[in-house]
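Visitor: In the order they appear, the protein sequences are chains U and C. Be aware that the first sequence starts at 5, since it is given in this note's numbering, and climbs by one per residue. Be aware that the second sequence starts at 39, since it is given in this note's numbering, and climbs by one per residue.
Read the hints as simulated data drawn from the structure, not as lab findings. Please read these numbers as outputs of a predicted model, since none were measured by experiment. One or more hints might be untrue.
[Claimed, not checked] Chain C residues, not near chain U, derived (Cβ > 12 Å throughout):
no., residue
1, Leu75
2, Asp78
3, Arg81
4, Gln82
5, Pro112
6, Gln117
7, Leu171
8, His174
9, Gly178
10, Glu302
[What the hints assert, rightly or not] DEER-style ranges, computed between Cβ atoms:
no., chain 1, residue 1, chain 2, residue 2, range
11, U, Gln316, C, Gly310, 33 to 43 Å
12, C, Ile179, U, Arg240, 41 to 51 Å
13, C, Ala280, U, Asp302, 12 to 22 Å
[What the hints assert, rightly or not] Where chain U lies over chain C, by a calculated footprint (3+ residues, C-beta under 8 Å):
no., stretch
14, 59–72
15, 241–253
16, 261–273
17, 283–289
18, 317–331
Each residue gets a CB set at the ideal place from its N, CA and C atoms; glycine is no exception.
Here is what each chain is made of, one letter per residue.
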Amino acid sequence: MNPSDHPLVIVVGAGGVGKTTLAAALALNQAQHGDDTLVMTFDPSLRLKDTLGIHEGEESDEVKVADYDDGSLTASLLDARRTFDRLIDRYAPDEEARRRILTNRFYDHLSGSLAGVLEYMASERLFEISQSGRFGRIVLDTPPTRQALDFLGAPERIVGFLESGALRIALKPWFDARGRFRATAKFGIIGRNVESFFDRMVGLELLRDMAEFFQAFAPLFDGFRERALEVQELLRSSDTLFMLVSAPGPQRVADTLFFARRLKEAGYNLGPVVVNRLHPHLGNDSKAGLPTVGSDQDGRRLLQWLAHRDAQGAAHLRDLLGKSHPVVELELRPDEPTDVQALAQLGDQLRKGIEDNLG
Amino acid sequence: MQTENSIFARLTELKLIVVTGKGGVGKSTLTSVLGRLFADAGRQTFLVEVDPRENLHQLLGVPPSGGDIVEVAPRLRVQHIEPRTILDDLVREKLKVDVVASKVLASPVHKHFTEGAPGLKEAAVFGRILRLLRGHTPRGIPTPDVVILDAPATGHGVSWLAAAQLVADVISSGPIGHLAAEVAAFLKDNQQSGVVVITTGEEMPVQETLELIHSMRIRLNQAPELVIANALYPTLPPEIPAEGEDPLFDLWYSRRQINDSELERLDEGWLGPLAELPILPIEPGPALVGRLSRYLKRELETGS
Ligand SMILES: Nc1ncnc2c1ncn2[C@@H]1O[C@H](COP(=O)(O)OP(=O)(O)OP(=O)(O)O)[C@@H](O)[C@H]1O
Ligand SMILES: [Mg+2]
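Sequences are here, hints too, so could you generate the full structure?
Guide: Next comes the structure, spelled out in structure tokens:
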């Protein structure tokens, strides 16, 4: 349950809840406690990027952020297309196969927008680095998919796709040497129906592109499939712990519970649940029920109302999850924690919150 | 008073409005708010949501309906659309023979194709919306004047908007290709369809809004009709207590400062219409939607 006991921590949650910041804070904290730590992140804010010193399209993948006597923090920014290209470099049997894939029009669309590719690439890269043994601890931020579940399902989806008939059909030579569509008589009735359906639905041109792509890709499939299975195993191993981040407010409790349940059902190791950015109770806040709010312009009253609302949501979540998982509450701060000092503070709060709630 | 060239007047000329923005910024809330305003202005209004949580239903105070069209108020209806179902319907429609259709539907090729093909689901949802606008509604349900789509948050804001074009580029023939091309043309026609971007007054949502506006311009040669900065803390009073005197006020002060500087950044990067809405101490539901629609109406009636 404690991230400090797991070499791999994966930070998940819906978009916009603060995953990236918390991943950075957690990683910095681990580094300060003596681990050589890597934080792999997607999509940080501009100021966080500056703090971590990472920028898109840069030559080096990894940037050393902080070096302590004992322990260090390295950051890396994930770029799906680059990882995908690298994968092809590795598995392509020869230069010709590599070139055919990289120049295929379908690949262009596929690598940029196929659902799950970015997610898959993240876990693939994670695997690679974790195998290298260069870091004592890795903290992985996850991409801003709506329910973040896509991320975890990605390797399985890829394997499913590779094993489905889609591949067999696509790999079948559909076109003769002159690029004409071949009759499909020798395939069974179902195969013929499906094919003629695809022909009618999407036309031959797409099929030609796809067939070309899959043929070029064929030599890579075995390595790819094997790797996807290994990644899946890593994500489910006892070395890996998931930290679930939630926005405050009763509205988000349902989302968080749903996600926690799905994670556990799928066999992942769920650790702390962090309710992030709660409006704090400040001032002489009456504990006797909801403060009445007068004018919409009254910011003090509004903040009291929000503090009350957020506390209710967190309490509800604690009731439902608190026995099985530490529920950690982190308050909304006056400013966004983007510099090293603020991240370190946040990291301390997070560590303390987790330890307190582990009992 | 509503002037001829007010933003509201301009919006009511459109047939399709796509509401987009980062996760949790208030897309569903403002889709409901816009729906209320249009219906009140006499337009037959359809709200469409794709998110399985059916948040629109909740915000409008009607029970989840799993795909049925629900009447919320006079001229205001809401429907949850499941993209997968539309694609399956398309297969059934094209393959008149039932046995063959069910074989295709059961085939892993179909499943993986519809799940994985980039943009296909999005294009299918728009295809369904076009049909609604053309009068293909169930018996007894009027043809909508306007459809508002609550587009789910995705990693890249443009993906909903660019989806149809992407599909049309890859698939150039057959019914899917035709559908995608038709949808792409409709989305490009700024006399008929427009985009409303929602953000909050915080760094990441504003950053993403500016990036979205940029990629809309570069990739689609389009601009949003309106940007709404939602859930802003109240503006500060003229009298400000000294720092440390009142912690509650200090938090209000610093959060509003963030709102102000982010609004300023938005203002520099976005020259079109911008509406500002307050964060209100009301639980999500019809009361919140009602109050926010009064605020938004006031913002939209001043022409700009
Ligand atoms: N102006 C506002 N004042 C008070 N509460 C608001 C306001 N706008 C939105 N909310 C609340 O914020 C929460 C998120 O809003 P909403 O569900 O509309 O966001 P969304 O962008 O649709 O989220 P998602 O990306 O999860 O679909 C809801 O609980 C909603 O009631
Ligand atoms: Mg929503």
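Visitor: Compare the structure with each hint and give your call.
Guide: Status of the hints after comparison with the structure:
The claim that C:Leu75 lies off the interface holds: its Cβ sits roughly 19 Å from the closest Cβ of chain U, which is beyond the 12 Å cut-off. Chain U leaves C:Asp78 outside its interface by the beta-carbon criterion, the shortest separation being 21 Å against a cut-off of 12 Å. Separation of C:Arg81 from chain U is adequate, the least Cβ-Cβ distance of about 28 Å exceeding the 12 Å criterion. With a cut of 12 Å on Cβ distances, C:Gln82 stays outside the contact zone with chain U, its closest approach being about 30 Å.
The claim that C:Pro112 lies off the interface holds: its Cβ sits roughly 28 Å from the closest Cβ of chain U, which is beyond the 12 Å cut-off. Distance to chain U confirms C:Gln117 as a non-interface residue, since its nearest Cβ pair spans about 20 Å, more than 12 Å. At roughly 24 Å, the least C-beta separation between C:Leu171 and chain U is larger than 12 Å, which holds for a residue marked as non-interface. Taking the minimum C-beta to C-beta distance to chain U, about 20 Å, the non-interface status of C:His174 holds against the 12 Å cut.
Separation of C:Gly178 from chain U is adequate, the least Cβ-Cβ distance of about 32 Å exceeding the 12 Å criterion. Interface exclusion of C:Glu302 from chain U stands, the closest Cβ pair being 15 Å apart, more than 12 Å. Between U:Gln316 and C:Gly310 the beta carbons are some 38 Å apart, a value that agrees with the proposed interval 33 to 43 Å. Checked against the given bound of 41 to 51 Å, the beta carbons of C:Ile179 and U:Arg240, roughly 48 Å apart, stay inside it.
The hinted range of 12 to 22 Å is satisfied by C:Ala280 and U:Asp302, whose Cβ atoms lie roughly 19 Å apart. Coverage of the stretch 59–72 of chain C by chain U holds [criterion: at least 3 residues with CB-CB distance below 8 Å; count 4]. Requiring three or more residues with a Cβ within less than 8 Å of a Cβ of chain U, the coverage given for the stretch 241–253 of chain C holds, as 4 such residues are present. For the stretch 261–273 of chain C, the stated coverage by chain U is satisfied: 3 residues place a CB nearer than 8 Å to a CB of that chain, which reaches the threshold of 3.
Under the rule that three or more residues need a Cβ within less than 8 Å of chain U, the assignment of the stretch 283–289 of chain C holds, with 6 such residues. With a cut-off of 8 Å between beta carbons, the stretch 317–331 of chain C has 5 residues touching chain U; three or more are needed, and the interface restraint holds.
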